[in-house]
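A.B. asks: Chains as they are written, first to last, in full-length UniProt numbering: chain E, 1 to 484; chain W, 1 to 249.
No lab work stands behind these hints: they were computed from the structure.
A couple of the hints might just be wrong.
[As the list claims (entries may be wrong)] Straight-line distance between alpha carbons at most 30 Å, and here's what the computed DSBU-like set of lysine-lysine pairs gives: (1) LYS172/W with LYS73/W; (2) LYS128/W with LYS236/W; (3) LYS44/E with LYS207/W; (4) LYS73/W with LYS8/W; (5) LYS73/W with LYS207/W; (6) LYS114/E with LYS291/E; (7) LYS464/E with LYS72/E; (8) LYS230/W with LYS207/W; (9) LYS207/W with LYS464/E; (10) LYS464/E with LYS172/W; (11) LYS20/E with LYS464/E; (12) LYS464/E with LYS128/W; (13) LYS407/E with LYS20/E; (14) LYS44/E with LYS128/W; (15) LYS114/E with LYS20/E; (16) LYS230/W with LYS20/E; (17) LYS207/W with LYS172/W; (18) LYS128/W with LYS172/W; (19) LYS73/W with LYS464/E; (20) LYS172/W with LYS77/W; (21) LYS236/W with LYS207/W.
[Claimed, not checked] Some, not all, of what chain E presents toward chain W, calculated at C-beta under 8 Å: (22) LEU145; (23) ALA170; (24) CYS374; (25) LEU428; (26) ARG477.
The C-beta atom is built at its ideal place from N, Cα and C for all residues, glycine as well.
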Amino acid sequence: MNAPLPQDTAATAPLAFTGKARVALNDPRLRANFRRAMDGLMSKRAAQFADADEWRTLRARGAEARARALAKLPDLLERLERRCAENAITVHWAETTGQANAIVLDLLTAAGAKTVIKGKSMVSEEMHLNAHLAAHGITAIESDLGEYIIQLAGEAPSHIVMPCIHKNKAEIAALFAEHIPGQPYTENVDDLTGAARNALRGAFAAADAGISGVNFAVAETGTLVLIENEGNGRLSTTLPPLHIAVTGIEKVLEFLDDVPPLLSLLPRSATGQPITTYVNMISGPRRPGEKDGPQAVHLVLLDNGRSRVYDDPQLRDTLRCIRCAACLNHCPVYTRVGGHSYSFTYPGPIGKILSPQLEGLDCAGDQPHASSLCGACAEVCPVEIPIPDLLVRLRGEAISPTSRAVKGGGSARSLGDRLGRRLSTAILGQPRLYGLISRLAGRIGDRLPSWLPGLNRWTRVRSKPAFARRSLHALARERGYADE
Amino acid sequence: MSRDVPEKPASVYFFATCLVDLFYPEAGLAGMTLLERQGIRVIFPPGQTCCGQPMRNNGWLDEARAIARQQIKTFPKPIPIVVPSGSCAGMMHRHYPELFAGQPDEAEARAFAARVYELTWFLVHVCKLSLTDGGPPVTVAFHASCHSQREMGVRGEPESLLAGLSNVTLAKLERPNECCGFGGAFSVRQPEISAAMVADKIDDLSKSGASEVLSGDCGCLMNIKGALEKAGRPQKARHIAEFLVERGR
Ligand code: SF4
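Just chain W, with the same shape it has in the complex:
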């Protein structure tokens, strides 16, 4: 999947996602700071709530549409909407158009979807961000979320941002593209299978020699971080934006 790269805009909307809002606000602040450091004005519309993905995944399509409508009207200006989550970005970019197919507001939903960008992709392609490392040597692993890869076409952008940091070594994972087992309701509906998946994921991370795991998706992070903590592993887990803000100048 490749999409057109827009000109670097003067201002963008930031869609934080409900998970970032309620659990990981520091990830959201870091994402906004990164954009601001690029000279972009960041607008955070207070009316935003959730992209509606949990509803869609349950098959509650009417409800997902109702929530999607609420978001669409919250971001009215024709400027990019940057999202620090490949999964929620995927919902808005890929699934809103399907969700509204044949509905009176289809055109509006399509126009909205076309403005949605995943944060690291936006930083690499639109902002042409390159950072100078300001931190001590460290080995990190990056967890690529399924939806950022497959729905947003984010393939290698976060890794390239990390590769630009001179003191950062990117650990190699055995199965970098495999799902961590979160999947929203899946982790609750199929707890045993989800548990097996995240157990394999944290084993892979531990074997990689990384002291920290980064991701662009707070759903995956909540899962991986929770599993690392419960298993008493020393690795930390946080959003890539926080890491980049802390180290990069």
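So that you can see chain E by itself, here it is in the shape it has in the complex:
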């Protein structure tokens, strides 16, 4: 196959959400692709959780397991390291993505690796690992079909679970015809998957190392749990002589018994599958007498701002996330603008709370505002993350004069903001003044000037609202309601 050029997908333009969203909104094909996909995913999930009681019970167990693991995070991480060591899995700690990239590169260089086969990993996207490896002469090939497709296209994932959900069959057919030697244009799905399979087979066999993500790392047993549907994750972690797993420090679970409820919640929330085709439990390299498996397994634990998130008891809930993407699938904003509008690795509702915390409110401060706070995300989150409350918290941190909890806190303070605060408290906190304003509003009626900031945006697609001639306060007084 043509080795595609790995691309650095780093966010180059901060605060770019609105502009990117505008482009997406004006792309009818993209909008249709997302709408169709999200509608399908929503109904599949709903069918899985048709029994409300079962959903409530299971969800409470999942949330409890994640909350408990986070409450003991430092201890569990140490325990994980010990158990892994006993299983001959070497654990590495990385505070920054730069350090994580360096660790992976060192391991690959020491092993003399030139080509790497990768399973799907959002943390490796967060690290921009492929670009880093390419800069050092190492080719990393994505083996998850969706990731493979977007790698051919030179794009970043637009969804956490289904990275190329933004493309339809025809777009994929064109990509394959262009990039896979000897592949004619066809929209036959079997032929397309067959072509990818053929191209990837050689890559699996030739790879010097495999890199994967981790869904859950079990502290009790030192087990890395990896779920997937295509068998590519299993191949990437067993075929090459070296396996490097990368994950955020938050993915720890205390007990092996915590895995089953989460394994039931994750795929059902994500794709509406009762369980994934493959559930890999990796507990170390190949042992004497075993027929397959790598000779060495390494686990890279990435912090990249997570310990700071951990430090705040409210924001810590962010780290419960099991990356099922149900919040994306149900988000009316995500559905309309797609994942690439968000500029950061994690799109959608979880991204809106995670990106500002990892990258800083100074560069991702627009993310928490890309929400109508409708609450669809929190309603479906299988681990009960109160996403809308955290969005509000982050909006507050961005303008707080004393914010220290979040990187870049206070960076969005402005004169307009201060004036708005003063004015609203003065008017709404004092009934007399409010009464005066409301009488004034009655006089204005529908004669507010259309150029007023805010109103001019509102009226682009809506008629101008008119103040009632007489407020309810006045009418209620007249009718004797206001008698207390």
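Chain E is fixed; fit chain W with the ligand onto it per the hints.
C.D. replies: Same frame as chain E, but now just chain W with the ligand:
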């Protein structure tokens, strides 16, 4: 979410919300009339202004608290506070306790929050309201607001009130639970996305065959009504309380 249903009280407070007060007083009057017809005395404290939700949504938590304090002291008696808006009710019922967590007046805020009810929920569960239809045949759609559903647990109460009216047909929406795109400041901060959302909403409403759309939230209504008018669609939009007062006996 399920909450205990209190005994039908002799009197209630009515919290109108600033939007109802300034833009849709007829919705407020209708809500109060419905309660009165149930034999309940309605008290409208003149000191009320706004629940403080716009401030909270901006992240102005100190300001939201200041305004919340003003409301809390305006409704001192231990009687229910009925709100013709799921969104503002959600702010007071769900977010006041969080807003005051660890503050000296936390207990007071909690006690206040526990007394807050959304109008249609209150009519169904507390008043056991059932109406006889006094109007001609009509097909209406109901827009369920995000916060009434998710913060107040209003799920199906407005629809059941409408279903009780013999000449009213409830139109089926393709995506009844999806946000209309208002979200307060969201509609101004992200006008294009909000516009796309409300465009889809009015398409859904138009396709449903309804001649009128009702809602229990004036924020959503201002958005949907404005979009219907601007797009020149024939559907009317108004608060469900007005509709119920007009038809039901
Ligand atoms: S925030 Fe919740 S719904 Fe969203 S990806 Fe994480 S676990 Fe899934």
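A.B. asks: Going through the numbered hints above, which ones does this structure break? Give me the numbers in ascending order.
C.D. replies: Checked against the structure, the hints that fail are numbers 1, 5, 7, 12, 14, 15, 19, 20, 22, 23, while the rest are satisfied.
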